[in-house]
Amino acid sequence: MNKSILSSAIVFAITTSAFSVSSAQAEDLIFPPGEDDRFSWSSYESLKSMDLKGEKVSVFGPWLGSEKEHFDHVIAYFEAATGADVEYAGSDSFEQQIVIDTQAGSAPNVSIFPQPGLAADLAAKGLVTPLDSAVKQGVVNDYAAGQSWVDLATFKDAQGKDDFYGVFYRADLKSLVWYSPDNFDDAGYDIPETMEELKTLTQQIVSDGGTPWCIGLGSGAATGWPATDWVEDLMLRTQSPEVYDQWVKNDIPFDDPRVVNAIDEFGWFARNDTFVDGGAASVSSTDFRDSPKGLFASPAKCYMHRQASFIPAFFPEGTELGVDADFFYFPSYEAKDLGNPVLGAGTLVSITNDSKGSRAFIDFMRSPIAHELWMAQTGFISAHLKANPDLYSSEVAKKQGGILRDATTFRFDASDLMPGKIGAGAFWTGMVDYTSGKESLEVAKGIQKSWDAIK
Amino acid sequence: MVQSSKRSPLTWLVHATVLFLVVIWTIPTAGLFISSIRDKDQLSVSGWWTALSTSEQRMVTRVTVPKKPLQEDGLYVLTGNVFEDNKQGIVTRFGDSSLRPSEFESGKVAELKRELTLTVLANGDYKMTSPKAFSSRGKRIFYTAEIPPRFTLDNYREVLGSEGLGKSFLNSLTVTIPATIIPILVAAFAAYALAWMQFPGKALFIAAVVGLLVVPLQMSLIPLLRSYNFIGDIFGVGSKGYLGVWLAHMGFGLPLAIYLLRNYIAGLPREIIESARVDGATDFDIFRKIVLPLSFPALASFAIFQFLWVWNDLLIAMVFLGNNPDELVLTGRLRELLGSRGGNWEILTASAFITIIVPLCVFFGLQRFLVRGLLTGSVK
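Here the protein sequences come in this chain order: A and B.
Reminder that position 233 of the first sequence reads as 233 in full-length UniProt numbering, one-by-one numbering, no gaps.
Reminder that position 378 of the second sequence reads as 378 in full-length UniProt numbering, one-by-one numbering, no gaps.
Bound-form chain A, shown alone (with noise of 0.2 Å):
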């Protein structure tokens, strides 16, 4: 009995795996060398001078599913270049899994981090390998606004001493209103430049009958986060960039006056049953996923989505950016002289565990094709200058290429830099309350309280 069950489950075994096919198409270089000329295959012809054949170069990152496909792609590239073996292997838990794998000594040689705390984390433990300062200044050089971008993976090491641990690859832009030119056509709404405009246009909408925004906090562990952007966009909408970065550190408190504002701010939005679809009280319920598709609905739940610039892959199936779908910059008070403040994130290229090759490998990813390549492809903004932007695979994509390049302040997610317990944790439950209906005050006062406890 027990050998026939045996027997039949290898069986299927066998006959799903007629079902796999051989991963090598995944290696073959999808944009001809030397064919293209927007391309800077100069970049990709230096690569040839380091000979790493036969070394091996293990990757860990958070991308999966169609990301993974189109980083393997670009790493095909350096794999022909050079000759070595790069193995990326990607994972949700990638926060989880990176401590682990790290403290216990088996990292992989490339990690790449969604978020710098993280790695400022395994950084102060030693378990980053700091990069030479020709890295350093290769990225000064290279990317808009290098200095900052340096800065952001500037940590401190075991003893306490400032160095430099990554180089960013792949951006994503958070300042963004999504919505459909069609039902704005419809309703005759023009698009909102200033601050004080989308706040007239969202109490039209209403007057009109309709629904202004769809807000959706819900993602499972970490539903909250979606609110965490809008506080800091806001954030950087009321207050010198200055201010948010003694927020980032936590040298003014989390119940600062300042800071409580740009959260009422938030709720002015959030916290009103008429302007947000299905009433305020849905807000933190509203999986965020789910939340922009109310924009394509008939009759459409809301007008306006606010969300960074990876949502279109969670719009319906068939909707064609720039024609059923648009964005407009989240735009800035004009009564306030703080410029056009752009909120963003980024992943971190970090090592993890010495070698030849991954030493090579950082070298690739902050060279521009490796940013180009992607960019061919969908769902990628870079802030490296050299990349040719008339490689973005959309228009969209190189309007929020722009965006990111003219910034006249760049801030990385707050959220992202802060400790994990406030960062991904206190700040997300704590901005669930507050759309459920606590305090504002009271909410951050809960949230400095968690801080200090951490300190």
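Careful, some of the hints might be misleading.
Partner residues aside, some chain A positions facing chain B, computed with beta carbon under 10 Å [as the list claims (entries may be wrong)]:
# : residue
1 : S93
2 : E95
3 : A104
4 : D190
5 : P192
6 : A297
Label-pair restraints from in silico Cβ distances [stated by the list, open to error]:
# : chain 1 : residue 1 : chain 2 : residue 2 : range
7 : B       : L243      : A       : S219      : 34 to 40 Å
8 : A       : K56       : B       : T50       : 47 to 53 Å
9 : B       : W49       : A       : N272      : 28 to 34 Å
It is worth saying that the hints were derived from the structure and are not from the lab.
Idealized CB from N, CA, C, for every residue including glycine.
Based on these hints, arrange chain B on the given structure of chain A.
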């Protein structure tokens, strides 16, 4: 007669309660199953219970403008069907603006702005006319339609057709089968010793095993992996591999296995074991010829437990086997299909039914042992 009429209300109550509980317990599975054969766009907008009957839905489509426009009586004409990919339904109302999506009744000719006209018939055919050429960006048609239930196997196709699934299936079996058999073997020996052999410190051993039951495995991941690294370095091999996973699963499964089996084996009739001893049987003979056959129910139920737990495990496999495509177990592969941000949950529903096949086979296979074992055990 009197007796049965007395008993029947209670029997009815019991039956009704059992039926009620069975229904309550099956509803989530039924819902999951229905979800798994639904269209993924519908899945995200409506609940599975709405999928069973014809439902009224409001939808949008964009007309496609051909390169060469059709002309009829001096008018430009566009035709097509709102149900693009032979989805069936009956259009009841339509409109051209998001503000009034159900302004007109189907079949009527609607006069729109700029001398455009639009008709949508009940079967979904539409016709749009204009005195001027259409702009390349088509207008949107809003329509309300009665959509009959529609089921598809696309979700299953997507999961089964994904790259590397077969390999992951084999990986999962490679991990699960030894990780089920090894702990049972070890635990059976240990349980016999702890139940029927006399040696100093026996009570302490049992207490230690019970104590180990409460150690959360998450706590031991880093130290365990670190010691694997240490041992791996000595022998010059990598720390991640099947042996490591088997040992880890064995370690995490043993306390419960020993505890369960010891309790069962200790409850076997003392007379049988003592008479075997009197007849000159050694401990090994007793274990092999008497205890093992009598403990089939316990062994089988633990085997089911352990198999399910290892088969469904993701954490230990990720930590001790790694994330590389060649080493991914089934749970890891399915999670990868969900995407970086975990949006495609239609995949979850279909994959739940695909992964459940093997544990079900194991369960039904071993259940026979369970029943037979119970019968043999009842001879006293």
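Hints versus structure:
Among the interface hints, the one on S93/A holds; its C-beta lies about 7 Å from the nearest C-beta in chain B, closer than the 10 Å criterion. Annotation: interface hint on E95/A violated; nearest CB of chain B at approximately 13 Å, more than 10 Å. Checking A104/A against chain B by beta carbon gives a least distance of about 4 Å; that is within 10 Å, so the hint holds. Interface hint status for D190/A: violated, as the beta-carbon distance to the closest one in chain B is roughly 16 Å, over 10 Å.
A least Cβ separation of about 19 Å between P192/A and chain B goes past the 10 Å threshold, and the interface hint is therefore violated. Given the 10 Å rule on beta carbons, the hint for A297/A holds: about 7 Å separates it from the nearest Cβ of chain B. L243/B and S219/A have their C-beta atoms about 37 Å apart, which keeps the hinted 34 to 40 Å range intact. Between K56/A and T50/B the C-beta distance comes to about 52 Å, which sits within the given range of 47 to 53 Å.
One distance hint, 28 to 34 Å for the beta-carbon pair W49/B and N272/A, holds here, with the actual separation near 32 Å.
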